[in-house]
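*Asks:* Residue numbers (this note's numbering), protein chains in the order written: chain B, 157 to 502; chain G, 153 to 743; chain E, 5 to 193; chain D, 5 to 107.
Any given hint could be a false lead.
[Unchecked claim] Calculated pairs, DSS-like style, for lysine-lysine (alpha carbon to alpha carbon, straight line, at most 30 Å):
#, chain 1, residue 1, chain 2, residue 2
1, E, Lys42, D, Lys76
2, E, Lys87, D, Lys72
3, E, Lys42, E, Lys90
4, E, Lys90, D, Lys72
5, E, Lys90, E, Lys17
6, D, Lys72, E, Lys17
7, D, Lys76, E, Lys17
[What the hints assert, rightly or not] Rough simulated footprint, nothing fancy, chain E against chain G, three-plus residues with beta-carbon under 8 Å:
#, stretch
8, 301–315
9, 445–453
No wet-lab data here; the hints were simulated from the structure. Glycine residues also receive a C-beta, built at the ideal position from the N, C-alpha and C atoms.
Spelled out from the first residue to the last, the chains are:
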Amino acid sequence: MRDSATVIFEAPDAVSRLRYWLPVLVLGILACAGDYQQSTLHPASDFAGRLDHLFRGIFWWALGVFVLVEGALLVAIIRFRRRPGGDQPRQVHGHTALEIGWTIAPALILVFIAVPTIRAIFASTGAATPGALRVEVVGHQWWWEFRYPELGITTANELHVPVSRPVALEMQTADVIHSFWVPRLAGKRDVIAGRVNRLAFTADSVGTFLGQCAEYCGESHANMRMRVMVDTDSGFAAWVDRQTAEPPSPDSGSLAFQGRDVFGRSACIGCHMLDGVPVARAQVGPNLSRVGGRATIAGGLFPNDTEHLRRWIANAPAMKPGALMPQMDLAAEDLDAIVAYLQSMK
Amino acid sequence: MSNPPSTGLRSWLTTTDHKRIGTLYFWTAFAFFLIGGLEALIIRAQLAQPDGSLVSADTYNQLFTMHGTTMVFLALMPMTAAFFNWIVPLQIGARDVVFPRLNAFSYWVFLLGGLFMNASFLIGAAPDGGWFGYVNLTGPQYSPGLNIDFWVLGLQILGVASLAAGFNFIVTILNLRAPGLTMMRLPVFSWMTLVTQFLVITAFPVITVALVFLLFDRTFGTNFYVPAAGGDPVLWQHLFWIFGHPEVYILILPAMGIVSEVLPTFSRKPLFGYTVVVYSGVLIGFMGWGVWSHHMFSVGLGPIADSFFAAATMLIAIPTGVKIFNWIATLWGGQIRFTTAMKFAVGFIAMFIIGGLSGVSHASPPSDLQQTDTYYVVAHFHYVLFGGTVLGLFAGMYYWIPKMTGRLLSERLGSWHFWLTFIGMNLTFFPMHFIGLLGMPRRIYTYAPELGLGTMNLVSTIGAFVIGLGTLALVINVLWSRRHGEPAGPDPWGGATLEWSIPSPPPPHNFDVIPTVTSRLPRWTTEHPAAPSAPGSAVHVPPGSWWPLVAAAGLPIMASAVVTKLLALVFLGAAVLVFGIYRWAYEPFEV
Amino acid sequence: MTHATSMGLDSRKLAFWTFIGSECLLFGSLISTYLVYKGQSVVGPYPHEILNIPVTSLSTFDLLASSLWMVLALAAVQRGDMKWAKIWLLGVAIGGLIFLGFQVYEFTSFVHEGLTLQRNLFGASFFLLTGTHGAHVAVGVIWMLTLWVQALRGRLGPQNAITVEIAGLYWHFVDVVWIIIFTLVYLLQ
Amino acid sequence: MESATHTEGSGHPTAGTYLRVFAVLFVITVVEVGVFYVPAFKPLLAPVLLTLSAAKFALVVMFYMHLKQDSKFFTFVFGGPLLLASAVMIGLLFLFGVFVLGG
Ligand code: HEA
Ligand code: HEA
Ligand code: CUA
Ligand SMILES: [Cu+2]
């Protein structure tokens with residue numbers, strides 16, 4: 157037992173190399189086998205990287221403690237099994253030095269965990285760096301709204317950001333508590349009524365990153381997903397241009413043209429905003445101005461294709477339990493027209 | 153001196169004998185454990201593969217809420233209460249608890265509260281807000297149904313039961329100790345019971361208040377948690393966790409007490425560092441009060457608060473570690489007998505360490521930002537709750553059931569039970585660490601195949617069913633041994649404490665003569681204390697009483713008013729309660 | 005009922021002190037909520053517009069005085085002076101009733117001025133805090149009356165002075181809670 | 005501390021003490037209310053009132069509830085939770101920014 161207290165402090169050289177590889181190995185065995193799109197162990201931003209680094213440090217200490225203490229336990233139960241004819245064991249009541257030792261040892265280890273922890277806390281308060289891209293995030297039951305105040309863009313469930321540029325999120329909720337979580341880019345931050353919370357990160361690689369709401373928020377909490385599209389600067393600029401250009405207007409006589417008409421006189425306008433339809437100004441549901449350009453709909457749940465869009469508009473709650481968009485009584489042709497119109501709004 | 157009836161329904165309804173009340177707690181908690189376990193199995197079946205469709209989203213949400221609530225409040229806490237009831241008076245050499253009728257009252261309130269909450273299943277509106285019921289989701293606007301009302305009122309009733317039991321056990325342990333049984337000779341299980349009950353009486357009032365606010369918001373239209381009126385949902389989180397964190401120590405300390413009894417007995421060595429183990433238990437309880445916000449690191453409380461709570465949380469690892477080391481040192485140099493009880497006790501240490509270490513990784517807020525609300529947390533708390541509390545309670549069952557029933561449990565079945573449970577729990581909960589770190593949030597009824605977590609979830613589900621088999625072995629064992637178990641005799645294990653000095657099962661009055669204690673391990677140092685030949689005062693067994701049951705019935709009646717919207721029930725319930733209390737207070741009842 | 009106990013303390017009294025300890029957390033949570041929500045209401049009436057210090061001072065004196073009568077009742081019971089015991093016990097009950105009367109007056113006048121439970125956070129947290137306290141007073145009154153009836157029937161005497169002592173602990177605790185509430189809620193607006 | 009028979013009822017203060025304590029309580033309350041109405045005290049109001057009410061609290065608990073003469077253990081059973089409650093209250097006030105660090 158006495159060794160266990162001392163060994164903890166020695167860190168032989170081989171160990172320090174292991175220090176990086178062992179956690180990668182253990183945690184990554186399964187991680188290598190598949191492609192884990194929502195993994196916290198494959199950070200792709202400065203912020204996520206800092207959290208990952210801290211966790212790996214703690215993991216290492218924990219593993220050391222685990223091996224030593226479980227080891228001591230194993231040794232004890234193997235070595236001191238009752239032997240037939242064994243005498244009564246020596247009646248030991250305690251050992252002061254030993255007990256002091258194993259009070260101090262964990263305390264010291266904790267210092268090595270606490271110091272980097274507190275440093276990381278102060279480094280990740282979410283304070284925005286100057287020049288950061290500002291995005292307002294609003295959680296809704298059960299979808300995410302993203303607003304770019306400086307660019308005049310409002311979109312849903314798919315956050316577009318440029319690579320290598322700091323992004324500063326200002327986060328609120330429209331109803332209950334949700335939690336914004338895109339593991340490869342950022343740790344969680346709750347959105348709570350009456351508060352504005354902040355997160356800041358700089359993505360370091362281009363790609364699509366999955367995320368989802370991490371605070372239980374009611375029936376479709378499981379279906380409140382999102383993606384972050386990290387683009388090259390030019391890719392991002394192109395996206396911004398598309399979002400801010402004049403809304404496309406369908407050729408008269410086309411199905412989409414009809415669709416705009418149907419949309420404008422259906423219940424849709426009671427909940428949705430759509431630039432191409434002046435009467436559609438409501439903000440209950442997602443802004444549909446460029447919905448045709450999104451990869452997914454309904455909180456990242458379904459691919460944005462004709463079939464899913466059609467089913468969704470006909471009967472959203474059937475596809476997503478509890479969805480706050482009601483079942484719509486639309487004639488089949490109207491439905492087709494709306495779908496065509498929405499798909500044209502890229 | 154009329155002895156209470158000893159058989160028949162009436163004898164159970166009116167009993168004030170701590171042993172019978174303990175038995176009632178035992179079976180009730182056991183049944184709720186099976187129900188909570190069944191809920192867990194359905195949860196796991198649903199999650200066995202991505203896009204599962206066994207149950208609907210709504211049903212799933214009810215299942216995990218009721219699973220958590222049931223396990224915490226209706227299974228584990230009452231199971232610890234079963235042991236407090238059965239064992240504490242025996243360990244301290246008392247003939248009963250200090251307030252036997254209050255004790256009966258606690259049990260009936262607990263039973264009725266549990267039934268009340270589960271009655272919600274009958275109308276398909278079981279609570280669905282999660283076991284910590286975060287507002288404003290659980291407020292009237294977002295949860296208009298009765299689901300949350302059942303939860304609020306059920307917990308409120310259960311709180312009464314816990315508080316009443318708390319006062320009772322504190323005074324029992326402090327005041328009814330046998331002559332010579334000083335606090336520093338008190339068995340560790342009784343010590344941990346004492347600490348636990350202090351946590352109960354201080355933590356439960358806080359959740360009572362939080363729940364009253366919620367009740368008022370839901371029923372009377374107040375705005376405590378309504379943001380539009382300035383109310384702050386974060387206040388609920390603080391109040392809940394000010395209660396909630398001590399609550400998790402309320403769940404673990406009794407198990408730590410049990411293990412501290414089992415290890416010495418089966419190593420045939422005194423507990424190493426008794427004083428330190430006791431004091432660290434007290435310290436854990438005390439420090440448990442200053443860490444609540446570690447459940448709220450993603451709220452954004454600011455760096456100063458996060459740092460404070462992180463540091464305070466980490467400190468708890470120290471006294472906990474001290475206990476672990478002292479337990480290992482108790483084994484060291486012993487003559488270890490691997491009875492089933494001992495296997496579970498050692499399993500407890502091994503598993504609790506894992507849960508504690510993941511707890512430390514939560515304690516670091518930045519690291520927790522990636523872990524909170526994922527399956528990594530689910531892994532953490534099942535290692536401490538199942539690997540800790542449940543294994544500890546199982547150890548207690550194999551250790552003390554022979555005392556309660558007079559018959560040993562089967563060691564063969566026990567061995568099956570242990571290994572199935574041990575392997576099953578690691579299969580179930582170990583993969584959850586990865587599942588969480590690889591990106592699966594908790595409380596989701598379905599997950600996307602793209603996450604790539606199907607296989608690990610399947611393993612976890614299989615593990616849960618293995619635990620199920622293990623639990624079946626326990627059920628069979630407990631039922632079978634009641635008839636067919638080998639007679640235990642007063643002291644089947646060679647235990648050191650007082651409960652082993654009397655017959656199994658003990659006579660209604662426990663001790664013919666209250667023993668005089670001269671050491672911490674009375675039966676190891678002096679064996680049978682020379683029994684004074686002349687019995688002390690005439691042994692008197694208190695009669696049963698109906699009034700605890702009657703008074704207890706008033707509470708669910710009052711609670712029903714909210715779910716039935718019949719105001720009259722409030723008055724009826726209150727009348728029943730007051731009537732019960734008056735009859736109780738003026739009933740001739742000698743202890 | 006007098007057993008030898010390990011602590012040398014009466015069990016009921018010990019139980020009651022732990023109960024009072026527990027009540028500290030109950031009132032602590034209520035008071036914390038009141039303070040946290042102070043100034044968070046989005047509509048009036050606000051505390052300074054409505055709290056009536058003169059009236060509340062009177063009820064404060066009344067409760068304070070009832071505490072005195074309570075200790076006098078206890079002293080009387082302990083010496084076996086049942087005549088005065090009855091008088092003081094009834095006095096305490098009446099003192100409590102007067103306090104409740106003030107509270108009823110206060111609550112109704114607040115409601116008239118627009119402060120209801122539902123109105124704003126101040127209303128909610130104020131009524132719940134003072135209402136919980138008032139409920140405690142009400143229970144205390146019933147308890148005192150019960151003891152008084154017992155005394156009338158000759159069932160109270162020095163031999164069971166402990167029951168009066170415990171009732172007294174309760175009463176005084178309710179009084180000290182009011183001392184805190186009076187300061188934090190009324191005087192420190 | 006172990007196994008003595010109980011010693012209740014002895015050593016309680018006399019009616020005279022009770023009356024004197026009451027007089028002090030009365031005076032403090034008068035002062036409290038008075039201070040409230042004196043504008044000059046405005047900046048000192050909080051500390052003065054808190055101290056005065058703490059004094060009243062202590063008087064009632066020590067003399068009327070007999071904690072002064074009674075077993076120290078009662079003080080512990082009451083004082084422990086009281087401290088917890090105060091600590092929690094102060095903690096919450098900090099967390100909700102009612103006090104701000106550093107004034
Ligand atoms: C039995 C119940 C129990 C116990 C004992 C614990 C013990 C601990 N818990 Fe756990 N916890 C829960 C039950 C419990 N917990 C539950 C139910 C939840 C989730 C609630 C919910 O969200 O639903 C939770 C959640 C939870 C969180 C919030 C996670 C989140 O939601 O984001 C945190 C954060 O700090 C935490 C920390 C700890 C710590 C540090 C300990 C420590 O006490 C552990 C100490 C033990 C050890 C560390 C191991 C032994 C020590 C040594 C061998 C010494 C050497 C060690 C070192 C130097 C590190 N727990
Ligand atoms: C307190 C103790 C406790 C215990 C012992 C358990 C035991 C188990 N728990 Fe639970 N769990 C919690 C407390 C506990 N849990 C809490 C607090 C939550 C959080 C809830 C929330 O988020 O609000 C939770 C959440 C939780 C989740 C996450 C749900 C989610 O977030 O979506 C999961 C998922 O796998 C799970 C699984 C299990 C399993 C498989 C067991 C197994 O160990 C169960 C083993 C028992 C059995 C298998 C019983 C055997 C039954 C039979 C043999 C059938 C016979 C039945 C009858 C005759 C009626 N639990
Ligand atoms: Cu939004 Cu969960
Ligand atoms: Cu905790």
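*Asks:* Lys90(E) and Lys17(E): Cα distance at most 30 Å?
*Replies:* Given pair Lys90(E), Lys17(E) holds - Cα atoms ~22 Å apart, limit 30 Å.
*Asks:* Is the coverage entry for the stretch 301–315 of chain G by chain E consistent with the three-residue Cβ rule at 8 Å?
*Replies:* Coverage by chain E is violated here, the residue count being 1 at a Cβ distance below 8 Å.
*Asks:* Does the structure keep Lys42(E) and Lys76(D) at a Cα separation of 30 Å or less?
*Replies:* Not satisfied, since the Cα-Cα distance of roughly 37 Å exceeds 30 Å.
*Asks:* Run the distance test for Lys87(E) versus Lys72(D): straight-line Cα separation, threshold 30 Å.
*Replies:* holds, 28 Å
*Asks:* Hey, Lys42(E) versus Lys90(E), does the alpha-carbon distance stay inside 30 Å?
*Replies:* The given pair, whose Cα atoms are some 43 Å apart, is violated under the 30 Å limit.
*Asks:* Check the hint pairing Lys72(D) with Lys17(E) against an upper bound of 30 Å on the C-alpha distance.
*Replies:* holds, 15 Å
*Asks:* Verify the proposed pairing of Lys76(D) with Lys17(E), using a straight-line Cα cut of 30 Å.
*Replies:* Answer holds: Lys76(D) to Lys17(E) is near 13 Å, not above 30 Å.
*Asks:* For the stretch 445–453 of chain G, do three or more residues have a beta carbon lying closer than 8 Å to a beta carbon of chain E?
*Replies:* Coverage by chain E is violated for the stretch 445–453 of chain G (0 residues, Cβ < 8 Å).
*Asks:* Does Lys72(D) sit within 30 Å of Lys90(E), going by the straight-line distance between their CA atoms?
*Replies:* At roughly 27 Å apart (the allowed maximum being 30 Å), Lys72(D) and Lys90(E) satisfy the hint.
Against the hints set out earlier in the document, violations occur for numbers 1, 3, 8 and 9.
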